[in-house]
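Engineer: The sequence shown begins at 1 in UniProt numbering and counts up one residue at a time.
Please keep in mind that the hints were generated in silico from the structure rather than gathered at the bench. Yeah, the Cβ is synthetic: ideal placement off N, Cα and C, and Gly gets one too. Do not take every clue at face value.
Each pair of labels, with its calculated beta carbon distance range [stated by the list, open to error]:
#, residue 1, residue 2, range
1, His59, Ala230, 43 to 49 angstroms
2, Glu105, Ile142, 36 to 42 angstroms
3, Pro32, Tyr117, 40 to 46 angstroms
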Amino acid sequence: MSVEAAKHARELLLKEYRGMLSTHSKSMPGFPFGSVVPYCLDDQGRPLILISRIAQHTHNLQKDPKCSMLVGERGAEDVQAVGRLTYLAEARKLEDNVAIDAAAERYYRYFPESQNYHKAHDFDFWVLNPVRHRYIGGFGAIHWIDQITLANPFAGKAEASMIDHMNADHAKAIAHYVELAGLPATEPAQLVGIDSEGMHLRIGQALHWLAFPAPCNTPTQVREALVYLAHAEQWPKNAEADA
Numbered sequence: 001m002s003v004e005a006a007k008h009a010r011e012l013l014l015k016e017y018r019g020m021l022s023t024h025s026k027s028m029p030g031f032p033f034g035s036v037v038p039y040c041l042d043d044q045g046r047p048l049i050l051i052s053r054i055a056q057h058t059h060n061l062q063k064d065p066k067c068s069m070l071v072g073e074r075g076a077e078d079v080q081a082v083g084r085l086t087y088l089a090e091a092r093k094l095e096d097n098v099a100i101d102a103a104a105e106r107y108y109r110y111f112p113e114s115q116n117y118h119k120a121h122d123f124d125f126w127v128l129n130p131v132r133h134r135y136i137g138g139f140g141a142i143h144w145i146d147q148i149t150l151a152n153p154f155a156g157k158a159e160a161s162m163i164d165h166m167n168a169d170h171a172k173a174i175a176h177y178v179e180l181a182g183l184p185a186t187e188p189a190q191l192v193g194i195d196s197e198g199m200h201l202r203i204g205q206a207l208h209w210l211a212f213p214a215p216c217n218t219p220t221q222v223r224e225a226l227v228y229l230a231h232a233e234q235w236p237k238n239a240e241a242d243a
């Protein structure tokens, strides 16, 4: 059960891209302080955020890095009947230039508009190192989970190469994924992320994660999955897609 719950919790973290970050208030000691933050997952599968040095939550984290981020299924009519995850963590600001560059390359693919204000407005990348997780998969499905993160085997040059190739040469295949998964077709989709369990598409300002039919551990397996989906007539039943 814990393995299955961890999988569902990780999928929720992948499907969503914004959460409620709760920090310990510096100006109001003893009170939690909540703020909304966009995020993507880094090469180790941890939430990566970009926050301003003058923001209240940044001052709070500088004093006490202990925090949590609440993530819930978007667009739910009954929020108590769907999945939600409380990700307890210790936040750490990235200081190493190599790590910052890698984070920036990944984060900008997901949130390209952030590139305009990152350096101009004193924003920094922070990673949320997991401590424990509280996952609720609906009524009665309540779990404490110690580990849900999964390292991305493609992070870096391999992922960037696959993404560039798909966006440049296989726009029709990407459009087919959108149609197959029932995603909005208001704007052309761009592939922005690939992990072992699925892929992220960006449509306008929204991000959507689509699961592969089966986990992929090599670029060859990713290619096979993408080709299979490009010719599929319906989305595989064992691969969930967010709507």
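Engineer: Are the hints correct? Go through all of them and say.
Structural biologist: Cross-check of the supplied hints:
no. : hint                                   : in the structure
1   : His59 with Ala230: 43 to 49 angstroms  : holds, 48 angstroms
2   : Glu105 with Ile142: 36 to 42 angstroms : holds, 37 angstroms
3   : Pro32 with Tyr117: 40 to 46 angstroms  : violated, 27 angstroms
Consistency note: the structure conflicts with earlier hint 3 alone.
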